[in-house]
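Take a look at the letters that make up each chain.
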Amino acid sequence: MLRYANPKKFLDLSAALMPWLWLAAIGLMGWGLYQALFVVPPDFRQGDSVRIMYIHVPSAWMASFVYGFMFIASVVGLVWKHPLADTAAKEAAAIGACFTAACLITGSLWGKPTWGTYWIWDARLTSVLVLFFLYLGYMGVWAAIEDRAKAARAAAILCVVGVINIPIIRFSVEWWDTLHQGPSVVRFENGRLAPSIDPSMLWPLLVMAVGCTILFFALLFVRMRTDIARRRIRTLMAMKAAA
Amino acid sequence: MDFGKYTWFIWPSYAVFAVLIGGIIVTTLRASFAAQRKLESLTDEHGRPKP
Chain A
0 MLRYANPKKF LDLSAALMPW LWLAAIGLMG WGLYQALFVV PPDFRQGDSV RIMYIHVPSA
60 WMASFVYGFM FIASVVGLVW KHPLADTAAK EAAAIGACFT AACLITGSLW GKPTWGTYWI
120 WDARLTSVLV LFFLYLGYMG VWAAIEDRAK AARAAAILCV VGVINIPIIR FSVEWWDTLH
180 QGPSVVRFEN GRLAPSIDPS MLWPLLVMAV GCTILFFALL FVRMRTDIAR RRIRTLMAMK
240 AAA
Chain B
0 MDFGKYTWFI WPSYAVFAVL IGGIIVTTLR ASFAAQRKLE SLTDEHGRPK P
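From first to last, the protein sequence lines are chains A and B. Numbered by numbering that gives the first Met the number 0, the letters in the first sequence go through residues 0 to 242 in order. Numbered by numbering that gives the first Met the number 0, the letters in the second sequence go through residues 0 to 50 in order.
Hints may contain errors.
One side only, chain B facing chain A, incomplete, derived with CB under 8 Å [said to hold, decoys possible]:
| hint | residue |
| --- | --- |
| 1 | M0 |
| 2 | I20 |
| 3 | A34 |
| 4 | K37 |
| 5 | L41 |
| 6 | H45 |
Hint data in this document are derived by calculation from the structure and do not stem from the laboratory. We treat Cβ as the ideally placed atom computed from N, Cα and C, and that holds for glycine.
Generate the whole structure from the sequences, applying the supplied hints.
Structure below.
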């Protein structure tokens, strides 16, 4: 993995992978959305409002997954100074912020018919809102500090400190009494992990989650390539100005 | 598609998802094409800086 931290190798590898990632993301998400809106049955208790689950739950998973990815990239950037680690963390942030915003807004729209309110300051909702602000803060640090090395270091430290919020999000529904339901896609039953929803609802949900994950990597590769291209443009412009 | 009393919650949810995810896709691709065009204007076909 580390040998691909070379920008040249990354550009070659990403160029080969990107068409397949886009194709897989569009195919999986297209199928998942079609199933969610037109095929899966309504829930016996929540009725058709359960259709919001197919975008809300993958968005929630992605919100935490992308932050976890940024945490690993930040640690690699801080400790080993790999040239692409800071770029990967920086470019992932905007994607993570979009998924987190989607999670919060779709959750709010699901909450109204289910709980009777768009918002409540319970542990799960509040910790996800904190995650959204962490994404904004992280992007703000990059935007505010002109020196790239200093910005990368400050943003990475913020990301590493903020990772404490991820287990809080995950376990908030178990540690505190929350209006938000507990883990309900898979549960421990009789000592083993088992799905707790019908396969006709589980499969579109899993396909949407995989599609969103692949979309994340497709977007990340494009954004990292753009960042590398911009740095090259700045170097070339500086060379021209100096000549 | 009518989802009864949930219609006004389901479609706005999907619209928000489409706007946010579609938005990040469009802005990402636009920025990429702009950077590639600029880079091409500064380099030759072998990727070397133009004199």
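Ascending list of hint numbers which this structure does not respect: Number 6 - this is the single hint that the structure violates.
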